[in-house]
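**Student:** Listed below are the residues making up each chain.
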Amino acid sequence: MRRAPGRTGFSLFSSLARFRHVARAAWRALREWSGDAAYDRYLRVAAAKPGAQPPLTPAEFYLEQLNRRYSRPTRCC
Amino acid sequence: MKRLFSVALWTAIALLGAGALATIALHRGEPLNATWFVLAAGCTYLVAFRFYSAFLAARVLVLDDTRATPAERFDDGRDYVPTNKWVLLGHHFAAIAGPGPLVGPTLAAQFGYLPGTLWLIAGAVLGGCVQDFVILFCSIRRDGKSLGQMAREEVGRRGGFLAQLAILAIMVILLAVIGLVVVNALKSSPWATFTLAMTIPIALLMGVYLRFWRPGRVLEASLLGVVLVVFVVVAGQWVADAPSWARVFTLSGTALATAIIVYGFAASALPVWLLLAPRDYLSAFIKAGAIFALAAGILFVRPTVQMPAFTRFVDGSGPVFAGKIFPFCFITIACGAVSGFHSLVSSGTTPKMILREGHARLIGYGAMLMESFVGVMAMVAACAMTPGVYFAINSPASIVGGTAETAATTISSWGYALNPQTMHDLARSVGEQTLLNRAGGAPSLAVGMAQIFSGTIGGPRLLSIWYHFAIMFEALFILTVLDAGTRVGRFMIQELGGYVWKPFARTSWMPGILLSSGVIVGLWGYFLYQGVLDPLGGINSLWPLFGISNQLLAAVALVVATTILMKMGRWRWLWVTLVPMAGLVTVTMTASYQKIFHPNPRIGFLSYASALSAQLAAGNIPAAKIAETRRLIFNQRLDAAVTAVLALMILALLADALRHWYALIAKSKAPVLHEAPYIPTQWAEGD
Chain A
1 MRRAPGRTGF
11 SLFSSLARFR
21 HVARAAWRAL
31 REWSGDAAYD
41 RYLRVAAAKP
51 GAQPPLTPAE
61 FYLEQLNRRY
71 SRPTRCC
Chain B
1001 MKRLFSVALW
1011 TAIALLGAGA
1021 LATIALHRGE
1031 PLNATWFVLA
1041 AGCTYLVAFR
1051 FYSAFLAARV
1061 LVLDDTRATP
1071 AERFDDGRDY
1081 VPTNKWVLLG
1091 HHFAAIAGPG
1101 PLVGPTLAAQ
1111 FGYLPGTLWL
1121 IAGAVLGGCV
1131 QDFVILFCSI
1141 RRDGKSLGQM
1151 AREEVGRRGG
1161 FLAQLAILAI
1171 MVILLAVIGL
1181 VVVNALKSSP
1191 WATFTLAMTI
1201 PIALLMGVYL
1211 RFWRPGRVLE
1221 ASLLGVVLVV
1231 FVVVAGQWVA
1241 DAPSWARVFT
1251 LSGTALATAI
1261 IVYGFAASAL
1271 PVWLLLAPRD
1281 YLSAFIKAGA
1291 IFALAAGILF
1301 VRPTVQMPAF
1311 TRFVDGSGPV
1321 FAGKIFPFCF
1331 ITIACGAVSG
1341 FHSLVSSGTT
1351 PKMILREGHA
1361 RLIGYGAMLM
1371 ESFVGVMAMV
1381 AACAMTPGVY
1391 FAINSPASIV
1401 GGTAETAATT
1411 ISSWGYALNP
1421 QTMHDLARSV
1431 GEQTLLNRAG
1441 GAPSLAVGMA
1451 QIFSGTIGGP
1461 RLLSIWYHFA
1471 IMFEALFILT
1481 VLDAGTRVGR
1491 FMIQELGGYV
1501 WKPFARTSWM
1511 PGILLSSGVI
1521 VGLWGYFLYQ
1531 GVLDPLGGIN
1541 SLWPLFGISN
1551 QLLAAVALVV
1561 ATTILMKMGR
1571 WRWLWVTLVP
1581 MAGLVTVTMT
1591 ASYQKIFHPN
1601 PRIGFLSYAS
1611 ALSAQLAAGN
1621 IPAAKIAETR
1631 RLIFNQRLDA
1641 AVTAVLALMI
1651 LALLADALRH
1661 WYALIAKSKA
1671 PVLHEAPYIP
1681 TQWAEGD
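Going down the list, the protein sequences come from chains A and B. Note that the first sequence ends on residue 77 in the working numbering; no numbers are left out. Note that the second sequence ends on residue 1687 in the working numbering; no numbers are left out.
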C-alpha cells in the first residue's frame, strides 16, 4: 500500500488498526482451536437448518462433544 | 523476474540446508552449535514441503479443490465442522504431538547426535509426512472413515481385523511404556510427585467449572488451570523442603506404578467431563506453550552440542537400550520420524473438519514436519548436556551402579569423563536428591530443557523451577495420553466383547464399563508393573517393543495407502508409499527377530530367559531371589511371544495385501474403489 508522504499520524492509526485486526483474528483462531467457540458455531449451523429440533443447551452440547471426542483416538504418542 | 527471484530463493535455501546437513554430518572434534541443527532441519523441511509435498498433492493424489469435502457436505456443527486451515493445523498438531518425539530421540542420543538427527529429518520427509498426508487424503475421500474401516473395505476383511488388533496391541504397549517413563521421572521425587498429583484436583475443579458453572467455556477454565498448575510447580519446592510432607510424596517405583494404574482405571470409568477432558485442555495449552518456549530457548541460547556425532555404543552395547543402530535407532525414534499412531488421527477427527482437499497438504504433511522438528529439538536438548551426565541419568543401576561414585567410575571408563561431584551438584541445583538411573528420557530432557530455559530467563537460580516445570509438562501430557488411550482401549474391548455378548458393547452399561476398563488397565498395568521391577530398567525391553508395534501400525497404514493408490491407477507413483513401507517392514522384521532370538541376553528376550534359567539351575540365585527370577523368566518369554505375534500379524497382512495386489496387477480382479462420489463444492473460491 502506498502512503502519502509526511502523514505519520495516519500511518500510526492504520498500523494500530492493522494490529487490532490481527489481534482479533488471533483471538478468534484461539477460541476455535481450543473449542471455546464450538457452541456458537453449532448454534449458527442449527439456526441455518430449517425445521430442525430445538438446539441443545450449552451443557448438553458440551457433554455430547466430549463423549464423541473421547471415544476414538484423539491423542497420539 | 518474479520467477527468477523464486528460483534464486529456493536454491539459496536448498544450499543452506545442504551446507548445514554436511556440517553436522562431517563435523568432528569441537562441540557443534545447535544452530546448525535448526538450519539443517528447517531448510530441509522447507524444501520438502515446497517441492515434495507439492508433487504428492498435484501428481500422486491429484487433490481437487472443486470437490466438496465431508465437512462441507455433512456440516452439522458437531462432528463435521469446516475449519480454517491454520486452526485445523494447530488442532491436528496438538493431536499428533505426544511424548514420543521427546522421549525417542532422547534415548537414541546414546548412539551420538548424528544417526538420530538424520533419521528424524529423512524419516519424516520421506516416510512419516507421506503416511499422514496420504491417509488423511484417503479418509477425506471416504467421508472421514477410520484406518480400520478403510483396511476392511480396500484390502479385505482379514486386513481390517488385523488392523484393529494391531491398534489394540500398540495401545497396550504404548500405555505401559509411557507409564514407565512417568514412574522413572517421579520416583523418589516429592516435588515432581506433589506437582503431578495436584493436577488431578485442578482438573476436577476445571471439570466442574466447565460442566456446571460455565459450560464449554474452555479458555476461562484453562486459564484458571494453567495459573494453578504454575502455582503448584512452585509450591512443590515447599513440600520437598518440609520433611513431614516430603515423606508423604516420596514414592517408590512400584507405589507410583500402582497409583498410575488406579488413576488410569478411574479416568476410564468416570464420566469424561470430570477428569479426562479438563486434563486434556490443560495439557494442550501447556504442551503448546512448552514447545514454543523450547524452540525460542534453543534459538536464543544457541547451546553447543556436547555429544559426539557417534558414540562407541553404535556397536550395540548401549547402556540405555541394547542393540545396533540398524534396526534399533529406527525403532527407538518412531514418533518424530514415522509414527503409525498418526494414521489414526489422520483418519479420525481431522478429515471431518477439513475445508478443502488442497488443505490436506499443509495439515497432513506440514503438521508432521512440525512434529519432526520437536524431535530434533529434543535431540538437541539431550545432546546439549555432557555425555557423562547423559549416561548417568539414563543408564539403569544394574549397569552403572546405584551411586554417583560407581556411576562416575563406570562411565569414565567408557571414555566419557564424569566427576561424581557433578552429579551431586546437578541433582541439588534442580532440587532433587538424585538424578541417577532415571531411564526413560523424561528427566534428561527436563535437565536439558531447564538448562536452556534458565539460560534465557532466571539463570541458575531458577534451574530447579524450570526442571520441575519440564517434568510436570512431560508427565502431564503423558498422563493425558494414558487416560485418553485407556478410554479408547476400553471402547475397543467393548466393541470386541459385543461380538460375543451383545450387552457388553453398550458403552453406557456400568458393569460393561467397569469390566472393560479393568481389562485394558490390567493389560497395560501388567507390562508397566513388570517394567518397574525389571533390573535392566524396563525401558530396555518395553521401548523397542513399543517402537516395533508403532512401526507395524505405520506399515499397516502404508499397505492400505499403497492398495488405494493402485486402485486409483497411480502405478507410476507407487514408490511414494511402497518404499517407506518396504523400509518399515525390513526394520520391524529385523528388530523383531533380534529382540526374540539375539544371542546377547540384553537384546534377545529368549537368550535372557535361558541365561536366567541356567543360573537358576546352577544354584547361583540366592533363595530370596528365586521367585523374582522365575517371574523375570516368564516375562521375557511373554515379551518374546508378544513380539512374535506382532511380527506374524504384519506378515499375514502383507501376504493378504500381496495376493490382492497380484490380482490387481494381473487384472484378474477389477479395482473397486470405495470412494464417496464426486460432489462439486458450493463454496466460492475464497471461502
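I should point out that these hints are in silico values taken from the structure, not numbers from a laboratory. Hints may contain errors.
[Unchecked claim] Restraint ranges, calculated between C-beta atoms of paired labels, are given here: (1) A:Leu43 - B:Arg1461: 46 to 56 angstroms; (2) A:Ser14 - B:Val1230: 51 to 61 angstroms; (3) B:Arg1461 - A:Ala59: 25 to 35 angstroms; (4) B:Ala1397 - A:Val22: 51 to 61 angstroms; (5) A:Ser14 - B:Asp1241: 21 to 31 angstroms; (6) A:Leu16 - B:Trp1086: 21 to 31 angstroms.
Even for Gly, the Cβ is constructed at its ideal location relative to N, Cα and C.
**Student:** Does each hint fit the structure? Answer for all of them.
**Tutor:** Checked hints:
1. Roughly 50 angstroms separates the CB atoms of Leu43 (chain A) and Arg1461 (chain B), a value that falls within the hinted 46 to 56 angstroms.
2. Taking the beta carbon of each, Ser14 (chain A) and Val1230 (chain B) are about 38 angstroms apart, not inside 51 to 61 angstroms as hinted.
3. A hinted range of 25 to 35 angstroms for the beta carbons of Arg1461 (chain B) and Ala59 (chain A) is inconsistent with their spacing of about 46 angstroms.
4. The supplied range of 51 to 61 angstroms is met by Ala1397 (chain B) and Val22 (chain A), whose beta-carbon atoms lie about 54 angstroms from each other.
5. Restraint check, Ser14 (chain A) to Asp1241 (chain B): a C-beta distance of roughly 54 angstroms breaks the suggested window 21 to 31 angstroms.
6. Range check, Leu16 (chain A) to Trp1086 (chain B): about 24 angstroms between beta-carbon atoms, so the 21 to 31 angstroms window is met.
Checked against the numbered hints listed earlier, the structure breaks hints 2, 3, 5; every other hint is satisfied.
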